[in-house]
Amino acid sequence: MPKLSTIILLSSLLVPDAQAATPEEQGLAIAREMDRRDTGFQDLRADLTMTLRNRQGDETSRHLRIRSLEVTGNGDKSLILFDSPADVKGTALLSYTHATRPDDQWLYLPALKRVKRIASANKSGPFVGSEFAYEDLTSQEVDKYRYKYLRDEGLDGRATMVIERYPAYEHSGYTRQVVWVDREMYQPLKLEFYDRKDSLLKTLIFGDYRQYLGHYWRAGRMSMENHQNGKSTELRWSDYRFRNGYTNRDFDQSSLQRAR
Amino acid sequence: MPGRRTLPAALLGAALLGATAAAEWSGFVAVEARGFFHAPLDPDQHGANLSLAAEPEFTHRWDDGRHSFRFVPFLRWDQHDDARSHADIRELGWVVAAQAWELRAGVRKVFWGVTESQHLVDVINQTDLVENLDGEDKLGQPMINLALIHDWGTVDLYALAGFRERSFPGREGRLRSHPPVDTGLSQFESSRGRGRIDAAIRWRRSIGAFDIGLAHFHGTARDPRLVPGLDDLGRPVLIPHYDIIDQSSLDLQATLGQWLWKLETISRRQQGERFTAATAGFEYTLVGVLAGSADLGLLAEYVYDDRGTRAPTPFQDDLFLGLRLALNDVQSTELLAGVIGDREFDTRFYNLEASRRIGDHWKIALELRALSGAPAADPFFSLRRDDTLQIELARYF
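From first to last, the protein sequence lines stand for chains A and B.
Heads up: the first sequence begins at 1 in our numbering, then just goes up one per residue.
Heads up: the second sequence begins at 1 in our numbering, then just goes up one per residue.
These are computed hints drawn from the structure, not numbers from a lab.
Nothing here was measured: the structure is a model prediction, and the numbers come from that model.
It is possible that some hints are incorrect.
Once the Cα atoms are required to be at most 25 Å apart in a straight line, the calculated DMTMM-like pairs of lysine to aspartate or glutamate come out as [claimed, not checked]:
| id | chain 1 | residue 1 | chain 2 | residue 2 |
| --- | --- | --- | --- | --- |
| 1 | A | Lys190 | A | Glu141 |
| 2 | A | Lys113 | B | Glu367 |
| 3 | A | Lys113 | B | Glu392 |
Chain B with its partners taken away, still in its complex shape (with noise of 0.2 Å):
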């Protein structure tokens, strides 16, 4: 990785320059519990889970911020998912910032997008789906990012060196598909397997009240087709298939006085056929409720795929609806309350999240998942009995 030899060359430049530079580390550790509120469907899952994770931050600045170094190491041990105990490499990169360019070179997290239900057109980064079902979480991507400083908006040149396999859970984990995925049978389209260099190019710029990313990536795609299979023991499992895509993306947000108006939408070309899908939608915050200083956003947003029911995803023809509550308080409580409804099926799929820090170093945060009414052809099905609460206890350093 280009991120690794980069380490020897960042500390001797701190050395060299001492007094203008500055070293710090943070991060945080966690203990996660899981309950459910059903008997699994495999005998092989368990109804409660503890899990331990932990993610130490070193950052180095230099030359007054123009050099800085990042290392983001990511540990999680679980106590019944061998799966889901694994360490990853989140930052290990360098970055370079002149007047009218930016270099980032190593392990690197990048985010593109506007929506909150579903991130379409955030391709840069495999899902680490261990984490958590909801996708926010990332492994780090190996890259060179050349980004070109304009007036006329910022261009991102991206060299993906080195796939990430999505993660999945394993088959003592809950909140996964029956059967299975078994990681070690991934097929790739390109002959260079894990080894294919990926490209893309985003401009990004705001006019106004108007935020505008225009994207396309050439390479493996970050969502596989899971198709089923057998494994080494001759048990049914899913295997993963990377496709080689071609994807162009749009994304949009209109920001005028409380209303956000949001639009992601990507074609993609993928074993021969295209097909669009999008995400459009609203957040409108209203401001000073529950004795004055709360605000209370609500988030509307309707999801596409016109490839319909063929479409790998659950979300095709759904609609997200939400609330987003912060008290704006000393512990910054917060709370996000969701539903994505099908529009042909009666799947709901429910969500709470609620956050509130206790004292100055410590996180408690809260997750509620439920299901309802997904029926065998829905990709939600095999999430049926695994309606789950979890709390996760932070302390940052």
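Chain A extracted, bound-state conformation (with noise of 0.2 Å):
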């Protein structure tokens, strides 16, 4: 596969060594890497399983599905919407990320027909009873995070970089981050999540990774794994579909109430 080589070759060439830069200037690198290799994708379409299970083994699932639209210079659009459980059906939420100040947010809720502008200054709480955060689940811009690079390490058998970063949000949930970074694919294949007072909090494990349009990888398989309350969310993603066509017009409060 000469495309692969040549990306291999490319990465090889764009990663600074350890000699020419400093730790910070090797994990903003990277970091930027990752995202250009992202970009471009202009809007993408999923199905999202989540599976929560508890200490005692007990599961429950919700069904979701999300649709985003990539915004350059900015974080992106995103809706999502609630599938089950059947209580919640119909329940979307709009947002218009932001990398260091609050996101937009409005919630409907399709019982009253409201349409609710909610508080999103805390993105750290648990999204939807999950170990996941909504800061864990939105775009992941460079401004988001300060960063530096820690070492080279092999994971499952994958060369991976393994890199810090550390939240500009001032209400973020999480002191630092580390994430193991596939050399190949420039994508995260595990992250480990710090608490305010510096202790392991989460870990989240990436797999099943596929690459779409020749270009773009997208994790089909997430594990959180949450080590100071034992539960744990398990995230299945199907159905990926990119470049529908979606426009500004696709994120806005009246599609936000038409959205099913």
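Assembly of the complex is requested from the two constituent chains, each provided in isolation within its own frame, with the hints serving as guidance.
As structure tokens, then:
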């Protein structure tokens, strides 16, 4: 596969070697390269099944659909539609994400037909009762963090670069995150979250990566384990579809009320 | 109703487009029990009540979601109150969406506004008051609504055909006025009565942290004046009088970090007089309370009506204080506690609402309402013996 080898060659050229740059510069370079490789997807839609597991091993699941629109120079726009549990079916969340200030968010409550602008300063609370915080799911802008390259490391037979990142957002629930970035895909394979007291809170493992449009990598599975409460959440993504021709109009309050 | 004629068209459209169409049923059935803490004022009323409700929902979308059709009937059976046993079409309508506009026709429900204690600017749908004292339940309104979507905001134009009268509890129902309202004797200022076509226009825009709505409504008021009179049997009743009004409104919310600042204000011309009313307040959310994952909202709203004690509403110079707790747990446990107090009278109206999911398909909801200190001059006075606890168990499908 000539294409893959080109990417590997390119990435080895782009990542500065340890002698030439500080760990901070190296970390930032890796984050920029991750961002660069994920730029240009335009829009996507996907279905999501969330399985919530408590300490006793009891499971419950939620079904959501996600649409997002790439916005250059700012965070993406996204629409999350809830299909289950049945009592929240039809509920929808519209977000205009921003790297370092609170997102703009509107929640649609179908029983009342009410669109509510909600306080979004808190991105660190549990998302629909899961172990994912809202901030774990939003688009990964370079400006969201400061970075530091730590080391190269093998992870389950893959070559990875380990970087540490520090949230720039003052209301973030984390002091730092450690990311294992796959050398080939420039996508995360593993992420550790450290809480405000700097103790290990959660570990996220990414799996079942597939490449779309011959370019964009997306994980099919994301498993989050909370080490402090013993609960875990697994996300299974399916039916990824890119370049649906979405516009800003598909991410406004009128669409929010129609979306199902 | 225009919506009825769109049904065959929608089904035909679905059949033709086959593969891109998606139809689904959902909804709920619920059983509700109410118990009252005091003996009723009127011997016709009862101390406890059982009730059943169902609201199936049919949604059909085609042409990649550009067209959608919805049918939402509602049915309630009530043990004692004949007026509360009722059926309604909450929605029966069709929406077509284009880049710069949306056309929505049929029976629909529309919400305007931002505040929590009352909904002054929300005038499109009639309140289904027999459902709940809080007035959050609405009757379906037949309409044609054209939304024009621009960079400078969205303009909604409404033609509202077929006036819906407010529902009121019957003689055997609790949580009602004394004497009861006789909806069979309703009076209309418009010579066309229920047949009058009302009109409304609204402009809405979000600019940064601000969400702004400006609207005007011309038509028959949704809230009737209640005038004492006699029914066919010569018993005292209250007779709803529906006036023609002109109402301009502003609703505004500023979302600043954990603060939501809210304002709703109306200026209304009715019966040859103009008055102003407003609700203004805030909601502040404390995040990560109770071992880290719960949110606690603190709410305060001031409610004003410049007609003072002449206002037909109990909310003319009142302060609402509330707490909203969301546990953010798997069961979506939520609690809302509030008190609204008159600044002139000693009236205090207490509300507690809590809900929690059970498994994946059930939900239990509890409501506690209590009143204290209402003097005879306060419209709340007729509820003085109606402190109640309501439990509802719903099955969603």
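Here is how each hint holds up against the structure:
1. Distance hint between Lys190/A and Glu141/A is fulfilled; the C-alpha atoms sit about 18 Å from each other, no more than 25 Å.
2. At most 25 Å may separate the alpha-carbon atoms for a hinted pair to count; Lys113/A and Glu367/B meet this at roughly 21 Å.
3. Restraint check for Lys113/A and Glu392/B: the C-alpha separation of about 21 Å stays at or below 25 Å, so the hint holds.
Of the numbered hints listed earlier, not one is contradicted by the structure.
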